[in-house]
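**Student:** Each chain, written out:
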Amino acid sequence: MTAPSLTRQEAEDFLYEEARLLDERDFFPWLDLFTDDAIYWIPIDEHADPTRATSILWDDAQLRALRVHQLAHERNFAQSPPSRTVHSVTNVQVSPGGADDEANVRCNLVVYEIRSGDHRQLGLGDLRPLPAKCLYVLRYEERWRIAHKKVVLINRHMPLVNLSFLI
Amino acid sequence: MATQQATTERGYAGLVEITDKTFRVSSRVYTEQAIFEREIAEIFEKTWVYVAHDSEIAQPGDYKTAQVGRYPIIVTRDKGGAVHALLNVCRHRANAICRENYGNSQNFRCPYHAWTYRNSGELIGVPDGGRYPQGFSTSGLSLIRVAKVDSYRGLIFASLSADVPKLGEHLAPVKEHIDLWADRSIGGEHKVLHPHRYAYLGNWKFQCENGVDGYHPGIVHESAFSTFGEFGIGNFAARDLVKRGSISRGFPGGHSTLEGGALDGRGVGRGLPHRAEEYLAHLREVYGDDRAQEIVSNRHTFIFPNVFLFDELVRVIQPIALEYTEVYSHPFWLHGVPDDFNTRRLYEGTRQLSTTGMVNPSDLEMFAANQTGLHSRMEWLVLDRGMQREEIAADGKRVGNYSDEAPQRSLYRHWAQVMARAADGGR
Ligand code: FES
Ligand SMILES: [Fe+2]
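Here the protein sequences come in this chain order: A and B. Under this note's numbering, the first residue of the first sequence is numbered 971, with each subsequent residue one higher. Under this note's numbering, the first residue of the second sequence is numbered 154, with each subsequent residue one higher.
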């Protein structure tokens, strides 16, 4: 299939929509943004082969679905009370993809996260920024979808606390 | 009644109160700064602690930095293959000489005034050395050695005090379980990968207690297990474990295990059943049926005070502050199995036990909630579960069912001994 070329504005619209779904905790439609074979990866070594190196997150379709089902579960204690997030997307750049129906999109992302609940308790009430560089491969399958999402956190080598929300 | 002498031998031993029916731990062990500092000094800086796996520094020149108690150290492999544990501290004016987590280098050059050391510790270069007074000698200025370093089945331990039993003696109570873990690799040892690091807002001992706590999984991890169930993945019904005879063990020395049993080959890449079968067949060939079954059984082994051996990873506990703990979670690669099987194990380990995982973050949430509750100074925590019903062997090993608190009791029995010994002035 030949894809229409992706403009920066279209890429931005796509990423903003993903951010909105995540921030509004509308997770099932978020799953539909991905192609069936997509991998969502949060590496520690961004140049490593994720099949052979430690990752922070490395999800295929099944694991993304598991995660979203767990987020909907009432006794998910790492998310009770739940996280509130703001996903801020900037610095969007589009370049040709590796295949005719693909486009590469690079952006910066800062996710701000805070747990609600009794803010005086440990683990709740801390506002945490997570800055990252993101690399997407979007593929045109009737509409643009995420064929690969890689989030390179700048503090990826640091001890991270409770990343049980979606980045 | 408590006397004013809070730090007498009785004072520390009295933080763990044991009768034939009760086992109570004082909330002070999690909340008092002075006790935390004493733990660091007496447990982490005077007894054996895990620092690295052989495979992390596999090649000559490889090194890894680590921390023992408060001491920054470097674990190196010299060109002859020998392992050294050295303080990461320049003998000139105490700069940290190495700033990386991992690397390969024959020497370390201090960034401050460029004193340079071989990776085996000797000082081999002092710029403009002529300015030092006559008789100045570099020979007494090697990097300071950690008093003891030794390894067993690839696990490297170090002790800042020379006054410790031999490593073999320290590990003896859990040796059999370390062997079962290490024997999962066939014809070689595991390859331990660089860690995923996470942290939690709570005392370091929560992680020690939790990794061998069979009482909590069905409750804390209900959302994970029921989701796995919906998707037809594995059998995680933790409550069933008690019924099917899974056990927990507490050993002298503070070590412990939590043993789930066969669990359909849990921990051996169950997402690739054909590979799991091949692997089991291979193990049977090498070790015989019974031992093969033991080897692939689900088992968490805790080696006091800071390392867990899990099915998919090695978990290292690093106390940082009274209420803040870092954990380094190292997946490992089995020797003698196809890559796709190891990749599957890696995937499953990340899914469960990383800080984005479906299982682990809920534990960390419990630790923060636990620490929060302890701010109340409620006096005693109850660790009686399974007492009077556990089996006590002649060697002091205690065996309970999966949900008993035998492992936690063994932790605190040993903890009280070490802490009391310290207060006694015994070093
Ligand atoms: S402190 Fe290292 S050379 Fe001066
Ligand atoms: Fe747990």
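Just so you know, these hints were derived from the structure itself, not from any lab. C-beta atoms are modelled at their ideal positions from N, C-alpha and C, and glycine is treated no differently. Hints may be right or wrong, so weigh each one.
Unchecked claim - Ranges of calculated distance between the beta carbons of each label pair, as one might list FRET restraints:
| id | chain 1 | residue 1 | chain 2 | residue 2 | range |
| --- | --- | --- | --- | --- | --- |
| 1 | B | 253 | A | 1082 | 27 to 37 Å |
| 2 | A | 1086 | B | 187 | 46 to 56 Å |
| 3 | A | 1086 | B | 385 | 28 to 38 Å |
| 4 | B | 542 | A | 1007 | 45 to 55 Å |
To be verified - As a list, the in silico SDA-like pairs of lysine to any residue whose alpha-carbon atoms are at most 20 Å apart:
| id | chain 1 | residue 1 | chain 2 | residue 2 |
| --- | --- | --- | --- | --- |
| 5 | A | 1120 | A | 1077 |
| 6 | B | 344 | A | 1019 |
| 7 | A | 1120 | B | 496 |
What the hints assert, rightly or not - Now the stretches of chain A that chain B is said to cover, found in silico as 3 or more residues with beta-carbon under 8 Å:
| id | stretch |
| --- | --- |
| 8 | 998-1008 |
| 9 | 1012-1019 |
| 10 | 1034-1043 |
| 11 | 1080-1093 |
**Student:** Between the stretch 1034-1043 of chain A and chain B, are there enough contacts, at least three residues with CB-CB distance under 8 Å, for the coverage claim to hold?
**Tutor:** holds (count 6)
**Student:** Is residue 1120(A) within 20 Å of residue 496(B), Cα to Cα?
**Tutor:** holds, 19 Å
**Student:** Given the hint that residue 344(B) pairs with residue 1019(A), test it: the Cα-Cα distance must not exceed 20 Å.
**Tutor:** holds, 16 Å
**Student:** Report holds or violated for chain B covering the stretch 998-1008 of chain A, Cβ cut-off 8 Å, minimum 3 residues.
**Tutor:** violated (count 0)
**Student:** Could you say whether the range 45 to 55 Å given as a hint is met by the Cβ separation of residue 542(B) and residue 1007(A)?
**Tutor:** holds, 52 Å
**Student:** Regarding residue 1086(A) and residue 385(B), is the given constraint of 28 to 38 Å on their beta-carbon distance met?
**Tutor:** Check passed, 33 Å falls within 28 to 38 Å.
**Student:** At the C-beta level, are residue 1086(A) and residue 187(B) separated by a distance inside 46 to 56 Å?
**Tutor:** Check failed, 35 Å falls outside 46 to 56 Å.
**Student:** Given the hinted pair residue 1120(A) and residue 1077(A), is their Cα-Cα distance within 20 Å?
**Tutor:** Roughly 11 Å between the alpha carbons, so the hint for residue 1120(A) and residue 1077(A) holds.
**Student:** For the stretch 1012-1019 of chain A, count the residues whose Cβ lies under 8 Å from any Cβ of chain B; is that count three or more?
**Tutor:** Three-residue rule met by the stretch 1012-1019 of chain A, so holds; n is 3.
**Student:** Mind taking a look at whether chain B covers the stretch 1080-1093 of chain A? Criterion is 3 or more residues with CB to CB distance under 8 Å.
**Tutor:** holds (count 3)
**Student:** Between residue 253(B) and residue 1082(A), is the Cβ distance one that fits in 27 to 37 Å?
**Tutor:** Check passed, 30 Å falls within 27 to 37 Å.
Checked against the numbered hints above, the structure violates hints 2 and 8; every other hint is satisfied.
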